[in-house]
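2 protein chains.
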Amino acid sequence: MKFNYYMPTKILFGPGKLNALAEEVLPGKKALIVISSGGSIRKNGYLDRLITILHNQDVDYVVFDKILPNPVKAHVMEGAALAKEEKCDFVIGLGGGSSIDSAKSIAVMAKNPGDYWDYISGGSGKSLPVPNPALPIVAITTTAGTGTEADPWTVITKEETNEKIGFGNESTFPVLSVVDPELMITVPKHLTAYQGFDALFHATEGYIANIATPISDAYALKSIELIAKYLPICVQDGTNIEARTQVALANTLSGFVESTSSCTSEHSMEHALSAFYPDLPHGAGLIMLSEAYYTFFASNAPERFTAMAQAMGVDIETLPEEDRPMSFVKALVKLQEDCQVSDLKMSDYGIKKEEIPSLAENAHNTMGGLFELDCYTLSLEETIEIMTKAYK
Amino acid sequence: MKFNYYMPTKILFGPGKLNALAEEVLPGKKALIVISSGGSIRKNGYLDRLITILHNQDVDYVVFDKILPNPVKAHVMEGAALAKEEKCDFVIGLGGGSSIDSAKSIAVMAKNPGDYWDYISGGSGKSLPVPNPALPIVAITTTAGTGTEADPWTVITKEETNEKIGFGNESTFPVLSVVDPELMITVPKHLTAYQGFDALFHATEGYIANIATPISDAYALKSIELIAKYLPICVQDGTNIEARTQVALANTLSGFVESTSSCTSEHSMEHALSAFYPDLPHGAGLIMLSEAYYTFFASNAPERFTAMAQAMGVDIETLPEEDRPMSFVKALVKLQEDCQVSDLKMSDYGIKKEEIPSLAENAHNTMGGLFELDCYTLSLEETIEIMTKAYK
Numbered sequence: 001m002k003f004n005y006y007m008p009t010k011i012l013f014g015p016g017k018l019n020a021l022a023e024e025v026l027p028g029k030k031a032l033i034v035i036s037s038g039g040s041i042r043k044n045g046y047l048d049r050l051i052t053i054l055h056n057q058d059v060d061y062v063v064f065d066k067i068l069p070n071p072v073k074a075h076v077m078e079g080a081a082l083a084k085e086e087k088c089d090f091v092i093g094l095g096g097g098s099s100i101d102s103a104k105s106i107a108v109m110a111k112n113p114g115d116y117w118d119y120i121s122g123g124s125g126k127s128l129p130v131p132n133p134a135l136p137i138v139a140i141t142t143t144a145g146t147g148t149e150a151d152p153w154t155v156i157t158k159e160e161t162n163e164k165i166g167f168g169n170e171s172t173f174p175v176l177s178v179v180d181p182e183l184m185i186t187v188p189k190h191l192t193a194y195q196g197f198d199a200l201f202h203a204t205e206g207y208i209a210n211i212a213t214p215i216s217d218a219y220a221l222k223s224i225e226l227i228a229k230y231l232p233i234c235v236q237d238g239t240n241i242e243a244r245t246q247v248a249l250a251n252t253l254s255g256f257v258e259s260t261s262s263c264t265s266e267h268s269m270e271h272a273l274s275a276f277y278p279d280l281p282h283g284a285g286l287i288m289l290s291e292a293y294y295t296f297f298a299s300n301a302p303e304r305f306t307a308m309a310q311a312m313g314v315d316i317e318t319l320p321e322e323d324r325p326m327s328f329v330k331a332l333v334k335l336q337e338d339c340q341v342s343d344l345k346m347s348d349y350g351i352k353k354e355e356i357p358s359l360a361e362n363a364h365n366t367m368g369g370l371f372e373l374d375c376y377t378l379s380l381e382e383t384i385e386i387m388t389k390a391y392k
Numbered sequence: 001m002k003f004n005y006y007m008p009t010k011i012l013f014g015p016g017k018l019n020a021l022a023e024e025v026l027p028g029k030k031a032l033i034v035i036s037s038g039g040s041i042r043k044n045g046y047l048d049r050l051i052t053i054l055h056n057q058d059v060d061y062v063v064f065d066k067i068l069p070n071p072v073k074a075h076v077m078e079g080a081a082l083a084k085e086e087k088c089d090f091v092i093g094l095g096g097g098s099s100i101d102s103a104k105s106i107a108v109m110a111k112n113p114g115d116y117w118d119y120i121s122g123g124s125g126k127s128l129p130v131p132n133p134a135l136p137i138v139a140i141t142t143t144a145g146t147g148t149e150a151d152p153w154t155v156i157t158k159e160e161t162n163e164k165i166g167f168g169n170e171s172t173f174p175v176l177s178v179v180d181p182e183l184m185i186t187v188p189k190h191l192t193a194y195q196g197f198d199a200l201f202h203a204t205e206g207y208i209a210n211i212a213t214p215i216s217d218a219y220a221l222k223s224i225e226l227i228a229k230y231l232p233i234c235v236q237d238g239t240n241i242e243a244r245t246q247v248a249l250a251n252t253l254s255g256f257v258e259s260t261s262s263c264t265s266e267h268s269m270e271h272a273l274s275a276f277y278p279d280l281p282h283g284a285g286l287i288m289l290s291e292a293y294y295t296f297f298a299s300n301a302p303e304r305f306t307a308m309a310q311a312m313g314v315d316i317e318t319l320p321e322e323d324r325p326m327s328f329v330k331a332l333v334k335l336q337e338d339c340q341v342s343d344l345k346m347s348d349y350g351i352k353k354e355e356i357p358s359l360a361e362n363a364h365n366t367m368g369g370l371f372e373l374d375c376y377t378l379s380l381e382e383t384i385e386i387m388t389k390a391y392k
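Taken in sequence, the protein lines are chains A and B.
One point on numbering: in the UniProt record's numbering, the residue at position 328 of the first sequence is 328, and numbering is uninterrupted.
One point on numbering: in the UniProt record's numbering, the residue at position 24 of the second sequence is 24, and numbering is uninterrupted.
Hints should not be assumed to be uniformly reliable.
Given that identical chains are not distinguished, each listed pair holds provided it fits within a single copy or across any two copies.
To be verified - Taking lysine-lysine and the DSBU-like style, the derived pairs with C-alpha atoms no more than 35 angstroms apart in a straight line are:
1. K10 x K84
2. K392 x K189
3. K2 x K29
4. K43 x K2
5. K345 x K43
6. K66 x K126
7. K229 x K10
8. K43 x K87
9. K189 x K2
10. K229 x K2
11. K30 x K2
12. K2 x K66
13. K229 x K345
Source of the hints: derived by calculation from the structure; they are not laboratory data.
Predicted model only: the values in this text are computed from it and were never measured.
Here chain A stands alone, though its shape is the one from the complex (with noise of 0.2 angstroms):
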């Protein structure tokens, strides 16, 4: 047993945290707020409440709101540029993970020379090495989803090529994240199921990766543990603040799990589908992918899928053994019923059938490390045989 550990961000967990920003120290003196395009976050007046936080503290602030749901290389290019221009001395990322992860890329990119592809590992990246630490990150997150706020991990998509690529690195941890839930009432139905779904995916592949340690795997078990309980309530109702709060918890673990053991291929399948299809929301493609994919692991890998089928509050005793691993996928399918987020069809977002092949191949170029730490290595035919049953 060896590994390294390291979260080094501070978190601000709970209803009504964003308020306690305010007795903080910020890392910097002039912000650059990255918000997405969806104008939201003005809505629901959590811009506001930002800024008079900064305004109370002597900072300074530029606005950067063009993020994307599928947030791309572009509005990361552009964000640092602004970044520089304005002489920006940290970045703050308001929203969603599209927003926090655009903000970790521009503050990579406000710092460094070149593009930003130019540090990318993977596809047509050129893996240089990063001459720079990155500006300081601040995240404040208002959904439950990616668990960006807990890792240094940021997904941008490269438009061109349709490649979409995970990146980061010890200085893209934020140095201070608000998980707040009251922020996350408004966020509607499906995507609260979606964005949950992301969630539990990050603890179920950091459980069965290769890499895993016995610190990640209590974050694992924990955060599946509240998903299986929490998210159906969530998402029958978005303004229980309990389960709310439960269930950003789930999300701040599932990013101590990223950040202590790693997503699997599981992940490169998604983003093959959502780069290539960028209206389709990442959880929702984790979603069609995750009863195929879970139930091979379930039997070419099944050690560690008992435990996982315990933490979603199956009754294993009551179980002969060669059964138990595929109680968990059972139960996932269950989950995903009493979410409504069982119907979901690559169909429906235009995906074809005869894509898959590319798509397959696409996420073995693109983001080929994560199979890598698959507890079982999947060759190009398997990787499409998942895919294609996964297929609706």
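Using the hints, position chain B against chain A.
Just chain B now, with coordinates in the frame of chain A:
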């Protein structure tokens, strides 16, 4: 549910991990290396290995080798003066909790004016704000007991007044810690047990503290489980590297508990004992107090005891509900028997029964803050009652 989470230390964990320090960027160019006066760190070759690593990285060093098992303020001030004189820009604590805690306090005083006790809260401490952050701290632990490698706390005794008080702030988290169970192989049987129980009590106190969070709970229950399972094996056979590794992990997790929850009044009581009787090892003092302490709380605030019993391996399903909280205490006593430490007596260390009221008063005066974190608020009389019951 509201809390702040912060545990920024990077931890290199596992057998042989001291060697991995060679690949890390160290936080300075000249280290003050803080070790105990006992000679074992030199004798076991640990100091030479560290010096070789520093040498290969062109990092200069000075050794300060005066630390006592119960470390004292005089050595903090002397170490800090040496660090200033030698222009050290970081401090390495190499050894057990006493050396690492001293390294932390020295790092504070190397950057701040006046006397260390100016910054201490409680007792004769002046509670002054600390003007400057500490020098960066690196911790290399050779024991599994205090968890100090994964928390910001340091406990130092002011000999003149018999005050043993904790201190810490955001700058006293180690920036980097090495937890290499191979360095723990030489710890003798009785110290292995004392230290293991110290780690256990960090977890149990942090679990019953009124500021516990779901995250600190996950750390605490895992730590309790690992200690109950592996400490007797370590005590039996100190060369069992698997058991040493699991106990080292439990100890690091109990440091996480210290960072995210807190010790309770059990530690205040013990600090009173070992402040007046510095030959009493801290872990031994805790063991002496523990049966009476947890019996009192299992009766007066039983809510969290059943989960701790379960983590200790008790099959609680077989017990009537009213017996479950106390089953933790029974498991604790059994563990002490298994680890050959159930016969420890205060009287063997010279403590007199008639001193207990003044020792209880010292506990309230010097570390009264921890009493406020108990799940039931102890009066001075109840503190005396517990300590008297613990007296043998």
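We went through each hint and held it up to the structure:
no.	hint	in the structure
1	K10 x K84	both (26 angstroms within a copy, 30 angstroms between copies)
2	K392 x K189	within (22 angstroms within a copy, 62 angstroms between copies)
3	K2 x K29	between (40 angstroms within a copy, 28 angstroms between copies)
4	K43 x K2	between (48 angstroms within a copy, 26 angstroms between copies)
5	K345 x K43	within (31 angstroms within a copy, 67 angstroms between copies)
6	K66 x K126	within (26 angstroms within a copy, 52 angstroms between copies)
7	K229 x K10	both (27 angstroms within a copy, 32 angstroms between copies)
8	K43 x K87	within (27 angstroms within a copy, 54 angstroms between copies)
9	K189 x K2	between (41 angstroms within a copy, 25 angstroms between copies)
10	K229 x K2	both (32 angstroms within a copy, 20 angstroms between copies)
11	K30 x K2	between (41 angstroms within a copy, 28 angstroms between copies)
12	K2 x K66	between (42 angstroms within a copy, 32 angstroms between copies)
13	K229 x K345	within (25 angstroms within a copy, 47 angstroms between copies)
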